[in-house]
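2 protein chains.
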Amino acid sequence: MRGITIKEILAKSKVDEEVTLRGWVRTRRGNKHLSFIALNDGSTFQNLQVVADHPKFEEDLLKQITSGASLEVEGKIVASSGTQNIELQADKITVLGTCDPDEYPIQPKKHSLEFLRENAHLRFRTATFGAVFRIRHAVSYAIHNYFNKNGFYYFHSPIITASDAEGAGEMFRVTTLDAENPPRTEDGKIDYSEDFFGKETNLTVSGQLEGELAATALGKIYTFGPTFRAENSNTTRHLAEFWMIEPEMAFYDLQDDMELAEDFTKSIINYVLDNCMEDLEFLSKRLQEEEKVMKQEDQSMELIEKLRFVVENDFEKISYTEAFNILRNSKPNKKKRFQYPIDEWGVDLQSEHERYLVEKKFQKPVIIYDYPKDIKAFYMRQNDDGKTVAAMDVLFPQIGEVIGGSQREERLDKLEQRMDEMNIPKEEMSWYLDTRRFGTVVHSGFGLGFERMVLFVTGMGNIRDVIPFPRTPKNARF
Amino acid sequence: MRGITIKEILAKSKVDEEVTLRGWVRTRRGNKHLSFIALNDGSTFQNLQVVADHPKFEEDLLKQITSGASLEVEGKIVASSGTQNIELQADKITVLGTCDPDEYPIQPKKHSLEFLRENAHLRFRTATFGAVFRIRHAVSYAIHNYFNKNGFYYFHSPIITASDAEGAGEMFRVTTLDAENPPRTEDGKIDYSEDFFGKETNLTVSGQLEGELAATALGKIYTFGPTFRAENSNTTRHLAEFWMIEPEMAFYDLQDDMELAEDFTKSIINYVLDNCMEDLEFLSKRLQEEEKVMKQEDQSMELIEKLRFVVENDFEKISYTEAFNILRNSKPNKKKRFQYPIDEWGVDLQSEHERYLVEKKFQKPVIIYDYPKDIKAFYMRQNDDGKTVAAMDVLFPQIGEVIGGSQREERLDKLEQRMDEMNIPKEEMSWYLDTRRFGTVVHSGFGLGFERMVLFVTGMGNIRDVIPFPRTPKNARF
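Respectively, the protein sequence lines represent chains L and W.
Mind the numbering: the first sequence is residues 3 to 480 in my numbering, read in order.
Mind the numbering: the second sequence is residues 3 to 480 in my numbering, read in order.
Be careful, since some hints might not be right.
Stated by the list, open to error - Residues from chain W that face chain L, not an exhaustive set, calculated with beta carbons under 8 Å:
| no. | residue |
| --- | --- |
| 1 | Gly44 |
| 2 | Phe47 |
| 3 | Ala71 |
| 4 | His123 |
Claimed, not checked - What the simulated footprint calls covered on chain L by chain W, stretch by stretch (three residues with Cβ under 8 Å from a Cβ of chain W suffice, anywhere in the stretch; the number is not a length):
| no. | stretch |
| --- | --- |
| 5 | 40-50 |
| 6 | 84-95 |
| 7 | 123-129 |
| 8 | 133-143 |
| 9 | 317-330 |
| 10 | 378-392 |
| 11 | 428-442 |
By construction, these hints were calculated from the structure, which means they are not laboratory data.
Just so it is clear, the structure is predicted and the values come from calculations on it, not from any experiment.
Beta carbons: idealized from backbone N, C-alpha and C, even for Gly.
My request is simple: use the sequences and hints to build the entire structure.
Here you go:
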């Protein structure tokens with residue numbers, strides 16, 4: 003029964019062609035004699051207008067054509083004077099599934115994002131979320147496409163893990179032990195040797211360490227999988243379950259890593275600009291209306307203009323020390339307007355500082371590199387100054403950090419020394435250290451927060467609106 | 003420092019070109035005057051032969067060129083009389099990382115797959131696993147490519163979930179409660195309202211139900227993510243953590259679903275045949291040698307021949323009832339050679355029956371459809387006979403079921419009735435039922451076990467050898 007989609011009709015169909023189309027009613031308007039039904043089938047942002055001459059149809063049938071109902075329409079493509087050049091003149095309409103207007107949560111009017119989040123199982127049927135999730139697909143595809151074209155292999159790092167890549171990061175425990183009455187050892191502790199994997203296991207916070215094992219054999223790899231943080235963060239930028247892309251490359255130093263990060267993010271944005279213009283235009287208009295309502299003083303750049311600006315300009319690359327000096331001498335710092343004052347070299351940069359650099363100072367994406375070693379992870383390559391590591395973060399306007407990466411410490415002695423300093427158990431990580439023991443090589447990588455990228459590209463304001471079913475504290479619905 | 007890869011050299015480099023190449027030593031042979039170093043950088047199955055005239059190099063350096071060591075070689079491409087037309091005449095060699103032959107687990111000899119599984123962090127450096135994981139990448143890419151080209155949107159169903167799609171299936175619990183001393187309610191039970199998500203949550207066994215929410219809005223979607231089964235199965239075909247692809251399509255009936263499954267799997271295999279011939283040829287040779295050693299009586303089809311056979315022939319499509327009759331009248335059934343005799347209509351088919359149909363009777367992939375409703379899930383569409391549902395399984399030679407799918411029950415009353423019969427709580431699933439309440443449509447989908455597909459395409463015998471770090475009972479290493 004597979005039929006033609008609206009996307010295909012708009013691309014190929016000619017006037018006088020007979021088609022059978024299936025989809026959902028977005029809106030219906032008209033008069034006593036005629037109905038104009040905006041039908042959508044999800045294949046594209048656009049609806050196809052179906053014209054129904056009332057005398058041709060039973061009254062009972064016409065009554066059932068309400069927003070949300072599913073229809074099969076047989077008819078003929080005719081020329082139209084509307085926004086599209088064509089419309090569908092209906093000869094036969096079958097209501098596949100009715101939709102009671104008194105019960106259906108999605109009404110043909112503007113709903114708040116909060117309301118739609120409560121009805122996340124139905125929000126894909128709205129114009130906004132149709133656009134967001136088609137773009138989310140496009141971003142995914144652009145990523146796979148970019149890496150495949152550039153000789154990277156997709157690598158599935160494990161989700162359930164007994165190791166903790168970051169050395170910190172709160173984790174979710176994965177278990178099959180009887181929660182009410184778990185087995186215990188002689189000294190009364192939980193006996194994890196009885197658990198499914200014979201030890202305590204968690205959900206991964208990063209696939210990087212395993213990715214390094216693969217990169218030091220296959221050359222260039224990337225992961226693209228779910229990662230988890232059991233942090234009690236109720237912000238518009240955090241999720242307990244999110245997707246991350248982690249490329250890892252043998253024979254890449256920090257410079258190569260930064261170049262890749264820039265080229266990669268630009269290529270994603272270019273792909274979306276090339277393939278999702280209708281969805282982007284709608285989201286851009288939506289955003290402008292929202293900003294008008296909010297009467298924001300700072301009119302930010304229009305969405306598509308902003309995306310073009312990112313791909314057409316070089317990212318600003320500055321060292322942490324340069325960033326520190328700029329921030330220390332900045333007006334907001336001198337006037338004590340930062341919540342966290344910038345006084346001593348070595349402080350971690352907060353969101354307010356990153357936004358100052360990106361949105362005020364440089365007005366474009368900024369890459370900060372060579373961070374103080376004490377605020378970064380054990381596996382980052384130690385620079386000769388003894389104070390910094392070859393780390394880099396890519397900061398985007400509005401959303402802040404989208405990428406965090408580094409050149410990895412490939413020297414066994416330096417790595418072990420840092421692990422000792424940071425109390426990271428070397429025995430448990432001997433598999434990781436083996437990459438440095440046997441044929442070690444310079445290598446680098448980074449992690450891209452997938453939803454943050456989708457947030458940037460769609461211009462949405464809350465990360466919960468760019469993932470189908472957000473997982474956040476006290477919420478695992480659907 | 004990013005340099006040229008072996009893949010690029012073999013594709014483009016000309017004699018007399020100066021290159022700087024980095025990689026790992028696979029083997030070294032030669033004589034007093036000359037060394038032939040097989041260098042691999044993971045970019046391709048092939049090694050590049052590096053020729054080192056001993057007088058040009060320090061003896062200490064030459065000593066360090068052992069299997070597993072990483073090198074940077076500067077030199078000139080010269081013509082070769084070997085299997086490749088070119089080789090690299092070394093002018094300068096730098097040992098980037100040594101590799102002590104007495105300690106390195108991966109020796110330049112044939113290791114057993116069991117040994118390599120124990121050293122899974124290093125097995126990517128072997129010819130076999132390089133080939134397997136490059137093909138794994140190609141299968142992934144082929145999947146994304148196929149769906150994107152055909153108008154499907156990639157949809158990320160949640161990993162942590164409070165629902166159980168199959169109604170059964172043993173699950174992993176996800177929790178942040180203190181295991182030693184969890185909070186308890188007044189009646190002494192674990193108080194899950196204090197858990198991270200405010201209720202008991204598990205790792206997903208399938209993204210299908212959420213996929214249906216998206217398909218009944220976006221039209222055609224697919225998931226590609228990890229799924230989990232906490233089953234104590236120690237077989238060569240089961241993993242506790244594996245990746246699954248689940249397309250879901252509005253306006254597709256069972257016939258469309260089966261056609262898609264066939265076209266989709268063939269397109270994956272075709273992609274691998276078109277893009278991975280060197281890796282396939284090596285794995286095929288490996289398999290033939292193994293079969294010689296095992297002195298198998300049943301010489302199975304050579305790997306590449308087998309893949310070609312699948313793409314060039316129509317899958318056999320038979321109903322469960324037809325399959326049942328064939329099996330009941332089959333020699334092994336009459337001679338009581340099946341462990342599970344086929345006597346009464348309605349029995350579930352076991353691996354031995356599937357293999358008989360696929361490998362003996364039809365000698366090609368078989369799709370069985372219209373299964374007895376009592377052995378299938380609640381969401382499958384009930385056929386008019388009152389006995390069967392519109393389910394289908396795709397069976398492949400050697401590996402058995404790769405795909406299980408169905409047309410979904412779109413009629414609210416029938417679905418609710420079946421849920422009642424099977425004791426599935428309707429209230430908790432009201433979000434799922436909403437798709438049938440509001441504009442319901444005919445729709446279908448299926449699940450492809452990703453690792454089973456990789457198993458088939460690589461000809462490997464154990465599913466633990468086609469996923470980077472297998473998760474199985476009592477094993478979550480690396």
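Hint check results:
1. Gly44: holds, 4 Å
2. Phe47: Given a least distance of 11 Å, the restraint on Phe47(W) is violated.
3. Ala71: holds, 5 Å
4. His123: Holds - the Cβ of His123(W) comes within 8 Å of chain L, reaching about 4 Å at its closest.
5. 40-50: holds (count 3)
6. 84-95: violated (count 0)
7. 123-129: holds (count 4)
8. 133-143: With 6 residues close enough to chain W, the hint holds.
9. 317-330: That given contact is violated, which follows from only 0 residues of the stretch 317-330 of chain L lying within Cβ reach (below 8 Å) of chain W.
10. 378-392: Coverage by chain W is violated for the stretch 378-392 of chain L (0 residues, Cβ < 8 Å).
11. 428-442: n = 9 at 8 Å, threshold three: holds.
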